[in-house]
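J.: As a plain string of letters, each chain reads:
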Amino acid sequence: MTLMPFVRHTGKCAALPRADVDTDQIVPKQFLKRVERTGFGPALFHDWRYRPDGSENPEFELNQPEAADATILIAGANFGCGSSREHAVWALAEYGFRAVLAPSFADIFSANCCQNGLVPVRLPADAIADLVRRCRVGGGGFRLTIDLEQQRVDDGAGFSTTFSMEPYRREMLLRGLDEIGRTLLQEDRIAAFERSHA
Amino acid sequence: MSAPRTLFDKLWDAHLVHRFAEGPVLLYVDLHLVHEVTSPQAFEGLRRAGRPVRRPERTVATVDHNVPTGDRSLPLDDAIAAKQLDALALNARAFGVELFDLASPRQGIVHVIGPELGLTQPGMVVVCGDSHTSTHGAFGAFALGIGTSEVEHVLATQCLVMSKPRTMEARFTGRLSPGVTAKDLILALIGRIGTAGATGHVLEYTGEAIEALSMEERMTVCNMSIEAGARAGMIAPDETTFAYLDGRPRAPGQRDWGRAVTAGRQLRSDPGAAYDRRVDLDAAAVGPQVTWGTSPGMVTDITGYVPNPADFPIVEERQAVERALAYMALTPGTPLEGLPIERVFVGSCTNARIEDLRSAARIARGRTVASGVRAMVVPGSQQVKAQGEREGLDRVFREAGFEWRNSGCSLCLGMNADVLRRGERCASTSNRNFEGRQGAGGRTHLMSPAMAAAAAVAGRLVDVREWEVGAA
Chain B
10 MTLMPFVRHT GKCAALPRAD VDTDQIVPKQ FLKRVERTGF GPALFHDWRY
60 RPDGSENPEF ELNQPEAADA TILIAGANFG CGSSREHAVW ALAEYGFRAV
110 LAPSFADIFS ANCCQNGLVP VRLPADAIAD LVRRCRVGGG GFRLTIDLEQ
160 QRVDDGAGFS TTFSMEPYRR EMLLRGLDEI GRTLLQEDRI AAFERSHA
Chain U
79 MSAPRTLFDK LWDAHLVHRF AEGPVLLYVD LHLVHEVTSP QAFEGLRRAG
129 RPVRRPERTV ATVDHNVPTG DRSLPLDDAI AAKQLDALAL NARAFGVELF
179 DLASPRQGIV HVIGPELGLT QPGMVVVCGD SHTSTHGAFG AFALGIGTSE
229 VEHVLATQCL VMSKPRTMEA RFTGRLSPGV TAKDLILALI GRIGTAGATG
279 HVLEYTGEAI EALSMEERMT VCNMSIEAGA RAGMIAPDET TFAYLDGRPR
329 APGQRDWGRA VTAGRQLRSD PGAAYDRRVD LDAAAVGPQV TWGTSPGMVT
379 DITGYVPNPA DFPIVEERQA VERALAYMAL TPGTPLEGLP IERVFVGSCT
429 NARIEDLRSA ARIARGRTVA SGVRAMVVPG SQQVKAQGER EGLDRVFREA
479 GFEWRNSGCS LCLGMNADVL RRGERCASTS NRNFEGRQGA GGRTHLMSPA
529 MAAAAAVAGR LVDVREWEVG AA
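Protein chains in written order, with the working numbering: chain B, 10 to 207; chain U, 79 to 550.
It is worth saying that the hints were derived from the structure and are not from the lab. Misleading hints may appear alongside valid ones.
Part of the chain U face toward chain B, derived, beta carbon under 7 angstroms [claimed, not checked]:
1) Glu100
2) Ile158
3) Gly225
4) Ser227
5) Gly325
6) Leu491
7) Phe512
Predicted model only: the values in this text are computed from it and were never measured. Even for Gly, the Cβ is constructed at its ideal location relative to N, Cα and C.
Hey, can you work out the whole structure from these sequences and the hints?
T.: Below you can see the structure in the form of structure tokens.
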């Protein structure tokens, strides 16, 4: 699958400063029966976003008016833990997020992000705490620029820091590459491996 | 002479197809397990790109997440689930992949049938679009869960692009006490290192307590590696491993058996091999574990108490505990022993193999499920179910008041009709106590099969060690 390249993005932030947000919360199981990659946006954080009677839960962070139309999610440690469901990433992307910033990510979730052009930005816990504060103070006006080429996060008002990312993943995201097509360029090597292990 | 290598190093090196200039490698996959929930989009991707499944003979599919565990002669009453099952059947046929469907006597949870068939073997790289693929590491395999895009990648290329994870040794010294199980070992480890304690690492479980475990117990331990954040968990193969595999339908046959065992014996960490990290745990000091919160790391001995959020110095942790206690409707200082439950689930890829059912049946035999409690036993596969019935376990459970059902993931994730109702408290042998995991508003306490069976009888959480005495 070819992706939209991610080079640089400036957008509005929303904060969800909770630790260990698992993929069961991001997309509850009752929404995993679809056979498509689309249609998961409405399921995002479903059991937190909605009350048992189906009405919107006004206390949930993303339901705050300030969080409307956010494209950058500032999250807590170990974000995306638990189930391998890529549906979680599809839901975040379809909802409108282009990047998630957190002190740490679960491994499978992080790999799934890179497959879908959703950029997982890992920053130290104190930097995330600072961003959460700035987001609150900003009251819906807090915007960040994520520059993947320069590997920098900047709010244009004093917060500026670099982040690291595996060069291979960064390249994939920057160019929106089709990983399968790329691997198939190594066909000779795969075939040789198979011959020598037959 | 080359440097001493860990078991994981050996597996990694043996599967290297190519190193990309930017760092990661192409790793060859020996066995790809497929199920209905995380595969339809992957097959659709192949179809759109006009790509075949590269090695259908290394790809095996089953249905488990979505399937009903009641009467299989009836049509599915969930039309969307039925569509997903149909999609897998169609994809398996179109791409030449073997499928163990609802009609098959070999159907079951993907992580139960792989080992049961002898598909999972020492030295393999095993992947599946499911985080509990770590289960297969019990055989000395590198087994990991992947997302759907990677499923498509493996279908198309039989390879995975990956950077080398770090290694972590979890050494369990001493022997398990009576009434304490493999489930308690792994829960205690997760309690110790936390749910992100092994992120970015492959865990290798070593030590006397691990060596003494049966294969099924080792699978329970490796199964929950992901709950410690690990990329995979593994245990070096030994005579226990070979004895388990011998004679299984897809294990190496007589002609290749000697060679397979000889190769398997090489699969252990060399003396002096360096792990990036190490944690030690005294197995003899571990008691029966019960979770109290909404993350598997929120766990303590059955003799323990619900903690006080005020005792957690880190703000984020304190808030997490507060949230968990509110969700679980628990008050700090409450003893876990005696906590009333309404539901019991014996099942899941963690604890639904025959030894698990035997362990629960030993407690249930001659006793009765407490009034007001609904208890269900969901065997991990139709083969486990048949074996249980040959041993009369179905009668033991039914006579005690448990439901005896068909195999599937069932109440572990509640994708089918087996769900908790809002507010119900469940003693569960599964692997995740996340909010809503077993049903929106449901409250899960993770524990071993014997502990869950005892809770069913008592109608509350109890210390099974007081019951083991005199149990047949």
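J.: Each hint: holds or not?
T.: Hint by hint, here is what the structure shows:
1. With its C-beta approaching chain B no nearer than about 4 angstroms, Glu100 (chain U) sits inside the 7 angstroms limit, and its interface hint holds.
2. Below 7 angstroms, beta-carbon pairs count as interface contacts, and Ile158 (chain U) has one with chain B at about 4 angstroms; its hint therefore holds.
3. The restraint placing Gly225 (chain U) at the interface with chain B holds, with a minimum CB-CB distance near 4 angstroms, inside the 7 angstroms limit.
4. With its C-beta approaching chain B no nearer than about 4 angstroms, Ser227 (chain U) sits inside the 7 angstroms limit, and its interface hint holds.
5. Residue-level restraint check for Gly325 (chain U) is violated (minimum Cβ-Cβ distance to chain B is 25 angstroms; threshold 7 angstroms).
6. Hint status for Leu491 (chain U) relative to chain B: holds, with the closest Cβ pair at about 5 angstroms, below 7 angstroms.
7. Here the hint on Phe512 (chain U) is kept, as its CB sits about 5 angstroms from the closest CB of chain B, short of 7 angstroms.
The structure shown violates just one earlier hint, number 5.
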